[in-house]
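Knowing the structure of chain A, use the given hints to seat chain B on it.
So the chains spell out like this:
Number of protein chains: 2
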Amino acid sequence: MNFETKKTALRMISHGLYLLSVEHEGHYNVSTISWLSQASFDPPLVMMGVKCDTLTHSMVEQSGQFAINMLAVGQTDIAQVFFKHAEHEADKLSGYGFEPGPVTGAPLLLDAPAWFECKVTDAVKRGDHTVVVAEVVEAGVRDTNAKPMALRDTAWHYGG
Amino acid sequence: MNFETKKTALRMISHGLYLLSVEHEGHYNVSTISWLSQASFDPPLVMMGVKCDTLTHSMVEQSGQFAINMLAVGQTDIAQVFFKHAEHEADKLSGYGFEPGPVTGAPLLLDAPAWFECKVTDAVKRGDHTVVVAEVVEAGVRDTNAKPMALRDTAWHYGG
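If you read the sequences in order, they're chains A and B.
Residue 1 is where the first sequence starts when you use this note's numbering, and the numbers rise one by one after that.
Residue 1 is where the second sequence starts when you use this note's numbering, and the numbers rise one by one after that.
Pulled out of the complex, with its shape left as it was, chain A reads as follows (with noise of 0.2 Å):
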């Protein structure tokens, strides 16, 4: 297989960008993410790929739920700030205020369109990401009319 083949093919995937979020024994962390998609209509199931060795992936695996923080076009600086590890300060995780998710105490950030809590049903570990499938338990909506913002959207890749 050609490397550089399979990466532009894989490019090619439609993914978009999110902000997976998880609260475990009082500590707060937050991380850009692009691998999401719905796996399930009934029971509402999502599987996501998150990167091995990170403290995201052990706060997940450690409370075994989480929030995904939908963006929309646009909110590009505040994917940029999540690219590394979230700094708690009173109501705000990196200069973003967020409130305690009610299901899952997981930080949802108030600048997101809309969220949804998870509870993770099995986790794959088979390659440098984890694929983490987990149930949606509770969700919300503060913008009906965002646009949600895709990968492409950006000058960022991450897949090939």
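Please note: incorrect hints may appear among the correct ones.
Stated by the list, open to error - 25 Å max Cα-Cα, derived BS3-like pairs, lysine-lysine:
id: 1; chain 1: A; residue 1: Lys6; chain 2: B; residue 2: Lys6
id: 2; chain 1: B; residue 1: Lys125; chain 2: A; residue 2: Lys119
id: 3; chain 1: B; residue 1: Lys92; chain 2: B; residue 2: Lys125
id: 4; chain 1: B; residue 1: Lys7; chain 2: A; residue 2: Lys147
id: 5; chain 1: A; residue 1: Lys92; chain 2: A; residue 2: Lys125
id: 6; chain 1: B; residue 1: Lys125; chain 2: B; residue 2: Lys51
id: 7; chain 1: A; residue 1: Lys119; chain 2: B; residue 2: Lys51
id: 8; chain 1: B; residue 1: Lys6; chain 2: A; residue 2: Lys7
id: 9; chain 1: B; residue 1: Lys92; chain 2: B; residue 2: Lys119
id: 10; chain 1: B; residue 1: Lys119; chain 2: A; residue 2: Lys125
id: 11; chain 1: B; residue 1: Lys51; chain 2: B; residue 2: Lys6
id: 12; chain 1: A; residue 1: Lys125; chain 2: B; residue 2: Lys125
id: 13; chain 1: A; residue 1: Lys125; chain 2: A; residue 2: Lys6
id: 14; chain 1: B; residue 1: Lys6; chain 2: A; residue 2: Lys147
As the list claims (entries may be wrong) - The following label-pair restraints were derived from C-beta to C-beta distances:
id: 15; chain 1: B; residue 1: Thr144; chain 2: A; residue 2: Glu25; range: 47 to 53 Å
id: 16; chain 1: A; residue 1: Lys7; chain 2: B; residue 2: Pro100; range: 21 to 27 Å
id: 17; chain 1: B; residue 1: Met1; chain 2: A; residue 2: Asp91; range: 23 to 29 Å
id: 18; chain 1: B; residue 1: Met1; chain 2: A; residue 2: His157; range: 33 to 39 Å
id: 19; chain 1: A; residue 1: His157; chain 2: B; residue 2: Asp77; range: 37 to 43 Å
id: 20; chain 1: A; residue 1: Gly160; chain 2: B; residue 2: Gly26; range: 32 to 38 Å
What the hints assert, rightly or not - Chain A is nowhere near these chain B residues, computed Cβ spacing over 12 Å in every case:
id: 21; residue: His24
id: 22; residue: Ser58
id: 23; residue: Ser63
id: 24; residue: Asp143
id: 25; residue: Asp153
id: 26; residue: Gly160
Source of the hints: derived by calculation from the structure; they are not laboratory data.
Glycine residues also receive a C-beta, built at the ideal position from the N, C-alpha and C atoms.
Relative to the frame of chain A, chain B by itself:
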């Protein structure tokens, strides 16, 4: 959890549109799918949701391999055709030319701008779709300039 809120939030996930193709014991099938994401760089893995109780699900499960054919903006005609089972006639499937994939034998639609072949590594059966995790073993690109079709470029929804 409010059903409509959950639907609105989940429909903000960025999904694409792809042709999942498979060969098993001399039979071919092709299905239009939406729930696909990369899942690891090394090894290169993808994850996809495949509707249970379908011919394609059964063929992927039995053969353990498949191909993904990318679609470009505007290729809604071919996407729509494969909402139904493929009809095989000579070197065509439902009227569209194909060639067998070099590794898996899964049909590669000649109109697709890119494709990759996969071997199934894991399956998570928890919802109305199975989460299939698979390693990318071969890939090809026919049109490097193609703009991939996102689900929200179409009039269709698949999620919520």
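Now the hints, each set against the structure:
Note on Lys6(A) and Lys6(B): the hinted pairing is violated, with a Cα-Cα distance of about 35 Å set against a maximum of 25 Å. Of the pairs offered as hints, the one joining Lys125(B) and Lys119(A) holds, with about 16 Å between alpha carbons and a cut-off of 25 Å not exceeded. Straight-line distance between C-alpha atoms of Lys92(B) and Lys125(B) comes to about 32 Å, which puts the hinted pair past the 25 Å bound. Only pairs whose Cα atoms come within 25 Å are accepted, and Lys7(B) paired with Lys147(A) is accepted, the gap being roughly 15 Å.
Restraint check for Lys92(A) and Lys125(A): not satisfied, since their Cα atoms lie roughly 32 Å apart, outside the 25 Å limit. Under the criterion of a C-alpha separation no larger than 25 Å, the hint pairing Lys125(B) with Lys51(B) is consistent with the structure, at around 10 Å. Of the pairs offered as hints, the one joining Lys119(A) and Lys51(B) holds, with about 22 Å between alpha carbons and a cut-off of 25 Å not exceeded. At most 25 Å may separate the alpha-carbon atoms for a hinted pair to count; Lys6(B) and Lys7(A) exceed this at roughly 34 Å.
In summary, the hint linking Lys92(B) to Lys119(B) is supported, as the alpha carbons are separated by about 24 Å, within the 25 Å threshold. A hinted pair counts as satisfied when its Cα atoms are at most 25 Å apart, and Lys119(B) with Lys125(A) qualifies at roughly 16 Å. This hinted pair checks out: Lys51(B) and Lys6(B) have alpha carbons roughly 20 Å apart, not beyond 25 Å. Taking the CA atoms of Lys125(A) and Lys125(B), the gap is near 16 Å; set against the 25 Å cutoff, the hint holds.
Distance hint between Lys125(A) and Lys6(A) is fulfilled; the C-alpha atoms sit about 22 Å from each other, no more than 25 Å. Between Lys6(B) and Lys147(A) the CA atoms are separated by roughly 17 Å; this keeps the pair inside 25 Å, and the hint holds. Between Thr144(B) and Glu25(A) the Cβ separation comes to about 48 Å, which falls inside the hinted range of 47 to 53 Å. Taking the beta carbon of each, Lys7(A) and Pro100(B) are about 24 Å apart, inside 21 to 27 Å as hinted.
The hint said 23 to 29 Å for the Cβ distance between Met1(B) and Asp91(A), and at roughly 25 Å that hint holds. At roughly 34 Å, the beta-carbon separation of Met1(B) and His157(A) lies within the given 33 to 39 Å, and the hint holds. A hinted range of 37 to 43 Å for the beta carbons of His157(A) and Asp77(B) is inconsistent with their spacing of about 29 Å. With their beta carbons about 34 Å apart, Gly160(A) and Gly26(B) fall inside the hinted range of 32 to 38 Å.
Consistency note on His24(B): stated as away from chain A, and its beta-carbon is indeed over 12 Å from all of that chain's, at 23 Å minimum. Every Cβ of chain A is farther than 12 Å from the Cβ of Ser58(B); the closest lies at roughly 18 Å, confirming the non-interface assignment. With a closest Cβ-Cβ approach of about 19 Å to chain A, Ser63(B) is found to remain outside the 12 Å limit, as its non-interface label requires. Asp143(B), annotated as away from the interface, has a beta carbon of chain A within 12 Å; the closest lies near 10 Å.
For Asp153(B), the non-interface assignment is contradicted: its Cβ lies about 9 Å from the closest Cβ of chain A, within the 12 Å cut-off. Not every CB of chain A is more than 12 Å from the CB of Gly160(B) (nearest about 8 Å), against its label as outside the interface.
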